[in-house]
Amino acid sequence: MALGFAIGVFGVLILFHAAYSTIQYRGLLKITEEEFSGPPFNVVIELSLGLVLCMWAALTVPGKFLSIHPDSEENRIVSLPANLDFMIFNHRGKVFPVEMDLKLKH
Amino acid sequence: MAVHSESGSQEKKSSNGVNELLTFNAENMQNNMKIIYYSRTFLSIIGGVVAGILGFTGLKGFVFYLLLMAVTSVVLVAKAKFSIQTYFDSWNRVLLDGFLGGLMSFVLFWTFAYDIVHIF
Numbered sequence: 002m003a004l005g006f007a008i009g010v011f012g013v014l015i016l017f018h019a020a021y022s023t024i025q026y027r028g029l030l031k032i033t034e035e036e037f038s039g040p041p042f043n044v045v046i047e048l049s050l051g052l053v054l055c056m057w058a059a060l061t062v063p064g065k066f067l068s069i070h071p072d073s074e075e076n077r078i079v080s081l082p083a084n085l086d087f088m089i090f091n092h093r094g095k096v097f098p099v100e101m102d103l104k105l106k107h
Numbered sequence: 078m079a080v081h082s083e084s085g086s087q088e089k090k091s092s093n094g095v096n097e098l099l100t101f102n103a104e105n106m107q108n109n110m111k112i113i114y115y116s117r118t119f120l121s122i123i124g125g126v127v128a129g130i131l132g133f134t135g136l137k138g139f140v141f142y143l144l145l146m147a148v149t150s151v152v153l154v155a156k157a158k159f160s161i162q163t164y165f166d167s168w169n170r171v172l173l174d175g176f177l178g179g180l181m182s183f184v185l186f187w188t189f190a191y192d193i194v195h196i197f
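If you're matching them up, the sequences are chains L and P in order. Residues 2 to 107 (the numbering used here) make up the first sequence, in order. Residues 78 to 197 (the numbering used here) make up the second sequence, in order.
Keep in mind that the hints were calculated from the coordinates and are not lab data. Each hint should be verified, as a subset may be incorrect.
[Unchecked claim] Chain L stretches covered by chain P per the calculated footprint, using a threshold of three residues with CB under 8 Å from any CB of chain P: (1) 15 to 21; (2) 27 to 34; (3) 44 to 52.
We put the beta carbon where it would ideally sit given N, CA and C, even for glycine.
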């Protein structure tokens with residue numbers, strides 16, 4: 002995750018550099034009194050690269066998706082809490098279908 | 078065997094019409110929605126800065142935003158390994174959630190970057 006964060010910071014730095022290049026390019030256009038039709042080609046390349054890097058960072062930094070099935074492998078509750086006096090087992094969960102071939106996991 | 082306490086992370090919630098699950102783990106569902114929200118907001122801001130630097134005005138900027146959100150949706154579906162049923166309860170959540178909030182952030186940073194680069 003630190004790598005994703007570093008890639009994101011690097012992408013934002015590339016964007017700032019592209020902005021600075023565009024500002025200088027506009028200054029040059031003001032001197033030669035031409036019209037601004039689009040940033041130079043290398044700035045466009047730089048912007049696409051920064052966008053790709055930031056997209057990569059936006060996917061890896063927030064974390065992984067977790068499964069929402071209650072009966073998947075990583076969502077199992079395999080040990081009872083210590084406060085057994087407060088646990089209720091006579092609830093509406095008994096209407097769910099029962100899996101008979103689950104194995105205990107330590 | 079050591080015991081460890083589970084703090085009520087398994088909530089039961091049933092809904093009909095959109096999914097076939099009788100119940101799902103609501104805490105993981107919230108975690109997945111949070112990830113989508115963060116990703117879309119960050120990419121809206123970055124897209125706004127890029128649109129401002131490129132000098133888009135008017136309709137071109139909004140078309141750029143639509144393209145960016147479409148690419149984000151595709152990439153998020155790829156992050157979920159194309160099996161939406163495992164991580165979400167409906168397709169609308171992963172495709173449309175955060176679209177309008179991201180639009181406002183996009184316009185804000187678009188005008189900001191455009192002003193800095195092209196006007197001052």
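Okay, the hints, checked on the actual structure:
1. Only when three residues or more bring their CB closer than 8 Å to a CB of chain P does the claim for the segment 15 to 21 of chain L stand; here the count is 3, and the claim holds.
2. Evaluation of the coverage hint for the segment 27 to 34 of chain L: breached, as 1 residues show C-beta separations to chain P shorter than 8 Å, against a requirement of three.
3. Taking a C-beta to C-beta cut-off of 8 Å, the segment 44 to 52 of chain L contributes 5 residues in contact with chain P, enough for the three needed, and the coverage statement holds.
The structure is inconsistent with hint 2 alone, although it conforms to all the rest.
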